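Enquirer: If you want the building blocks of each chain, they are given just below.
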Amino acid sequence: MSESNLYRSLMRCPVCFSRDTDVLMINTGNEFHYCPKCSFQGMESEIRGMYRDIQKKFHNMGKRFTLEDQRAL
Amino acid sequence: MMLFNIFHRPGAGAHYDIYRQQQELAHQLGLKTTIFLYYSDLFDPRAIADAIRDRDTYGDEISLALHNLTGPGITEISNGQIALWLLDRERKEQILARMIGKFAEVFGANPTSIGSYHLDSSCLEILRRLAPEARTVIGGCFEEGVRVFHGCNHSWYLFNEGMPWNPWYPSKTHGLRPARDEEDASGVVAVPHLVRDMSLAFEGRNDFWASHPPNVIRGMGNDATFCPYDLNLVDQYRMQAEWNGGYSYYNTFVSPSWLDWNHNSEYPPEVAWELYRKFLTYMASLKKDGQLEDLTLSAYGERHRQIRPVGHDEVYLAKELLYGSGKHYFWFVDPAYRVTIDATQGGSIGDLRPYAGQAPVATGPDTPHRDIGSYPYLIQSQHRAGNAHHCYDGARTTLLIKHGEQTLDLCNFRAKVASVARADGKVKIALTPVRFSFSDGVSGDLTTRYEFGNGTITVCRELSGLPAQADLELIEYFKGAPGRTEYPEDLHGIVLEANGSSPVHRDFDYSGQWSEAPGATEVAALIPHVRTRLSLQSGSAVSGRVHAGHLFSPYFTLQLAHRLIGNGTTCTCLNLTSIAA
Ligand SMILES: [Zn+2]
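For the record, the sequence lines run as chains A and B. If you count the first sequence from 1, position 19 lands on 10 in the numbering used here, and the numbers rise without skipping. If you count the second sequence from 1, position 55 lands on 198 in the numbering used here, and the numbers rise without skipping.
By construction, these hints were calculated from the structure, which means they are not laboratory data. Quick caveat: nothing in here was measured; it's all calculated off a predicted structure. There's no promise every hint is true.
Said to hold, decoys possible - Computed beta-carbon distance windows for the label pairs:
#: 1; chain 1: A; residue 1: Lys48; chain 2: B; residue 2: Asn555; range: 16 to 24 Å
#: 2; chain 1: A; residue 1: Leu1; chain 2: B; residue 2: Gly636; range: 47 to 55 Å
#: 3; chain 1: A; residue 1: Gly40; chain 2: B; residue 2: Thr368; range: 14 to 22 Å
#: 4; chain 1: A; residue 1: Gln46; chain 2: B; residue 2: Ala157; range: 29 to 37 Å
#: 5; chain 1: A; residue 1: Gln46; chain 2: B; residue 2: Ala723; range: 27 to 35 Å
#: 6; chain 1: B; residue 1: Thr424; chain 2: A; residue 2: Tyr42; range: 43 to 51 Å
#: 7; chain 1: A; residue 1: Tyr42; chain 2: B; residue 2: Arg420; range: 37 to 45 Å
#: 8; chain 1: A; residue 1: Lys54; chain 2: B; residue 2: Gln612; range: 45 to 53 Å
#: 9; chain 1: B; residue 1: Pro661; chain 2: A; residue 2: Cys29; range: 48 to 56 Å
#: 10; chain 1: A; residue 1: Tyr42; chain 2: B; residue 2: His648; range: 54 to 62 Å
By construction, the Cβ of each residue, glycine as well, lies at the ideal position given by its N, Cα and C atoms.
For reference, chain B alone in the conformation it holds in the complex (with noise of 0.2 Å):
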């Protein structure tokens, strides 16, 4: 079952009209919308008497939208900043007062939900404290900053980053972290505004990869009215039910701009307008199959508490649909971690947030974070290089296979996500073999499996179809760093550790040197940036090392070997702990 939110708002001008044909096109399909009223149309008689009509007509619901601070006792205030959360905590907090005791004045009541693009840990406090009603927010933009950010020299910029693609509890210390517990959840359910192909998501800009066909035009993934990329990407959420207790989830928020002549489309606006009523219509036709549940914003976070435990995991399996790469994604988050698998690298961590370190993150110029809402990462390969191509690779995993004088890097080897399941509290997936050959003539097949939750990640590789004598080593690879943007943010204060029979413990101190740790069954790395500890660690392990990289190449690394003859299987744990700020 797809649970699906329409979200509309007005606009100003023609927009209006424009506004009022997206309801209309919502209501003839049988479908409710959430409409999204901007605080300055709470003094608009026109746009509060059409929204009560479709509240009563058509069961849709009211909503509060927090972007463009503009208005009657707020204009002066904001001073032309249109984004609540890059506000300082005070100007966040009288502007809030004043757009919610308006919203009141207005509907009698408080609103039930809340849209913004973000919501940082300041904001979600206030809110609470003003609108406790409001119990289902639009609360962040998901990725809207690994490719934006990149290539928005002439246009936007938002660090975004780190979120669930789904919805969420976000953290009472962390917007986008989803919370452990009631105690540690900030009392809204949150959900992503729009949810994105999870596989250009995260190689590029998400904003064109959306459930949003305008954006769709937007990337050029369109021919004119012909489009099945919309509809594949709806079809891409259907399945992810699969893995996540029968249930999906979608939505979208096309506003009126984006079906007039805009700057983000050589189109006319009947292209984006015949688009839109495509995908709208597919919808319409999946709940008239069954398949679909159209809900308001704050019905759906009702829904959300009942189908899903504070504290819950989310799995996705993302398939390539518009290059045809045959490229597959995994994604899992709980609240300890949210990790990327590129099974195109030969399974290697494209993405690593540990949560586990719930490192607090406010926004705005009273805070040292200032515009930067991200959960920083450890391993971001898209920001960061990952696998080599031309020079030092960056941060990634890999597994390093050797055999005499030769080593093989499982990142240049392609694989697929063979199978997704969930067993013993866990969920565990299969990538599908690889076959390796040396110089030598020996040659085998290679298979990774994953089990992610609890905080740790466990990958096992099992070596088939080599020769009995066989001498290989195999060595897990963990090169990371604390960081939120491309660019890289100061080690210093990083210890790297490993146990063995001559144990390390030092600080990083880019250097460029190695450590080695012989008969080592861990290595690990403490990073105060994210109050985190994370580990290799296995028992058949035999031995270790680590690095502090120098200004050239930035990161830590972490090795862990094991020595095979012949067949056999490794396992190791890569552990995500607290530890004290």
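Chain A extracted, bound-state conformation (with noise of 0.2 Å):
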């Protein structure tokens, strides 16, 4: 796997991604990215901590359903 790949160091807007859309921000070095399409700007962490809040509505993320559960579901 080539560690120099472009994709290492770049992140989607979460705020995009919130509404359906993959956007790549620009990445300015310092771990600071901005959107293209939109106004959100932000640091690494802090985009990993949205990308956390957009997965809040999986409810059963973390869950297991068997073929077995999945009939009585």
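Got two chains here, separate frames each, mind docking them using the hints?
Expert: Written out as structure tokens, the structure reads:
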């Protein structure tokens, strides 16, 4: 796996992602990213926190439903 | 029994090694793959030698991928277009002839299967002529449009909707419509590019929610290498065997770029690898338990011909897995229509594709459809608003229950699919009862039952628990419009009809006017856009109404009313029949 891959340091805009749109932000260095589509800008740690917020809606994200479980759902 | 295809394809540079690791993983687990080579790979001796070795050692199939139209003699025809179905007919034929010719030169025979994201009717026709040996194809990408189109401002456009979710026999006139019979069939078996989550693929971006672990990462459905959803989706597909002759189908197609750093993930590649490995390991364990059979694409196509006759139907009971909403959707497809029942909206129709009209579509700049290869809808409640939430409603069906001055809308009552059964050559479902009450204290229970098949959707409403003298009007309601995207099409040409004591026959005129039809037992719309007559019909109905929506609400509406005193059951048929173009 190529360690020099361009995408290694890129992140998607959490605001645009909340609207179901993948937009790669521009990384200006020092872990700071800004979105070319909307006004959002932020640090990597903040962006990762926003990803976590997006996932909160998936109440069953950690649950395994086997075939038998699903018959009863 | 689950029938399972694994698709792999080489990548360029470092991605070639990733492809080899994918092959190695499948083989270590004792699973067969189908290797898709691009035209440009047919000039790469290493890619050819590795594919031949895998074929001869592990029984893999070597297949031809049509995407990425580059390579000697093709780049100058495609001029940067990467999608074959978006070229004009002449270029489609030129490129296919070169690709198939080169494949035959390298391997000594035409390919027995072909992979594409979409194959429109003209591509299929050319393909059948140039390579009749290619009897199985990856022929479409299910619903890669509902939200991909809505949310794709910076990414993806693919107007490819209205197809079966499981393998089908494409018709000659529309690659996404299942053929009625052998005469109508294009001659291939098509499988979908990935299988989709039939709840979330309807509500949102289905590319996230599919048989592709790194795509689930893209959708943020994982917590690093913990992602039970991947296996939950497999098991939901396994559940469908119960209503589909004991068989279910699954495939996966993860290309090497998804297992490297990529623009769809903020995780290191190890995470995607681990989830891919867990997924394939689960499939291998199912195989060990006798629950799954791994096949090449061609072998699946031949099996499909044995287990599914042309003209077959298919059902899918979707139970939403990720949000924990408890939502159920029910899907039915046969050569007359594809329909989606939204149980959470009281069992209203959320999507309806009138295959009965056999609307022909080919794509390319030389066609009026250009890039829109969809099979047109009459209802698409995600594109077209559906149940009212802040203003008018959009495309949907419902039941209106009137009592005194009050009207209840069944769309506002949540139900689930209580049972699915096959009987009398039809598919029958019952929803869980919903409890309703009016402000004067009258209350009761309503159970909705559907029957699907033979070009008709029968909906029965059973009311119980009502006072003997309760006076109710039950109005079956259909609001729709022919369409392909979110945007309205020109509805001129639609004709609205009703029978009864003063029959109605009027052109759709955007007037916003209702026409009343006392005594009507049938209301209908003739929709030349989809070559279809749609009617609501019931011998026990007492009146009907039809409506031509104005430009602020561009739909036609049909209503058919029953009167009920106390408990009872009403049944209404929604018929889809073909009309001349
Ligand atoms: Zn943004």
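Enquirer: Just pull the numbers of the violated hints for me, sorted ascending.
Expert: Hints 5, 6 and 7 contradicted; others consistent.
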